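Engineer: With the sequences and hints as input, model every part of the structure.
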Amino acid sequence: MNMDQDVAKKLLLEGGTFVFLGVPEETQFGIDMQCWNTEEDFRGIKMIPPGLHYVHYSAVSKGTGDVSPRSGFMHHFKKKEFLVKMWDKNLEDISKDEISDESIQRLKDNLLNLDRHLAPYPYEIWQKWQLLTSQITAALAKKLSPESGIIRSSVELLSMSDEERPKGVKLTEPKEPDTSKENSDDSSAGQSDAKRVKRITQEEKEELMLPNLKPAPGASMRFTEIPRDKYPPGATPEEITKHYLDQSYALELMIAQHDEPLHIIGELQFSFLCFLIGHSLDALNHWKNLVILICSCDEAIHKYRSLFFHFIRTIEVQIEEMPEEFLADIVMNKNLVYKKLREFFRTAYISKVDRRLLTMIERLKENLTDKLQWDFTGLDTDDEDERPVIVKLNEATE
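Just remember that the working numbering sits 28 ahead of the position in the sequence shown, which is counted from 1.
None of these hints come from the bench; they were simulated from the model.
Relax, there's no trap hidden among the hints.
With beta-carbon atoms standing in for the labels, derived distance ranges:
id, residue 1, residue 2, range
1, Lys117, His145, 15 to 23 Å
2, Lys90, Leu49, 14 to 22 Å
3, Arg391, Arg144, 41 to 49 Å
Derived lysine to aspartate or glutamate pairs resembling DMTMM-like cross-links, with alpha carbons at most 20 Å apart:
id, residue 1, residue 2
4, Lys368, Glu280
5, Lys380, Asp326
6, Lys367, Glu344
7, Lys106, Asp129
8, Lys117, Glu68
9, Lys90, Glu54
10, Lys331, Glu280
11, Lys171, Glu253
It should be emphasised that the depicted structure is a prediction, and the values quoted were computed from it without experimental measurement.
The beta carbon of each residue, even a glycine, is placed where N, CA and C say it ideally should be.
Structural biologist: Here you go:
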């Protein structure tokens, strides 16, 4: 690895160290966007730049070479921090046991011998990593991570009772109405039961057949819930339409759940990395929903200028790192991410945002067109399937 000597000296003096003891040979191990298969004498990573980092790993079967689902955690390394973790051979995972202060001190005292078993941080990725994590604070990463602290691509599921199922769905379907003569006098009750049976959709029937499972306690991501109701309580039909066309109100509700507006961008970055590195599909869905929400705002563009400034910068970097198969899906199917970006660009022009933001939008458009051949022409007209549907309400007659 080629590294400037001044940078190398600084990292030797100020960089963090992550010691990972007992890791089996050939285990997939990585930090941030870099991943390796460990060798027999691997003991961890040194010269880690101070800041937020994503440590991840996957057990590999010796017999078959099968790779287990990826797990990992985010940690904010302080200057000269010395972090030690152990591998649990029985769990084939990171140990839950705390390392004693005495054991950590012995490792520090033996640092000269330990040093040759530590791989240097891949500094060539550091600049890109800083862009991808620019708004993720240590507190925000902890707030969004599972309570266990471990981010898993495959969340452990446990059995749950019927009462715990969402929307109160039971595993037993309603009985068919009794149409025998004994019940002929109570025909209205039978008709009512029949209607209830007819209301069960095929999707609901399939849901009834699913096993009762729920995420293990402390295993789920703690993303900020995106509001289902896009409008305030008591809104008139006209106001409801307005808030669905301009979802600034819903964005305001999410911002209120954070310490500051830019933490929304931090959450966008966090969810993207949990997908890109942690292989979490739940994180990918949350990332998509956040992009769609932010692109659906009008008034908020002027009120939260800094948020949208960092949104454009973040999306530009993330698109560069998005796996090709997911980009192909966006390009081939013109999914909501593409459509909402078109809508966002159109809104920015109509709203006459400031020149600096428009310059950034133009650059993003050019990059997306060059890289993905996305068509952003005709922003001054609505696409056929994007035109609003106007519903005329009949006025009440006297």
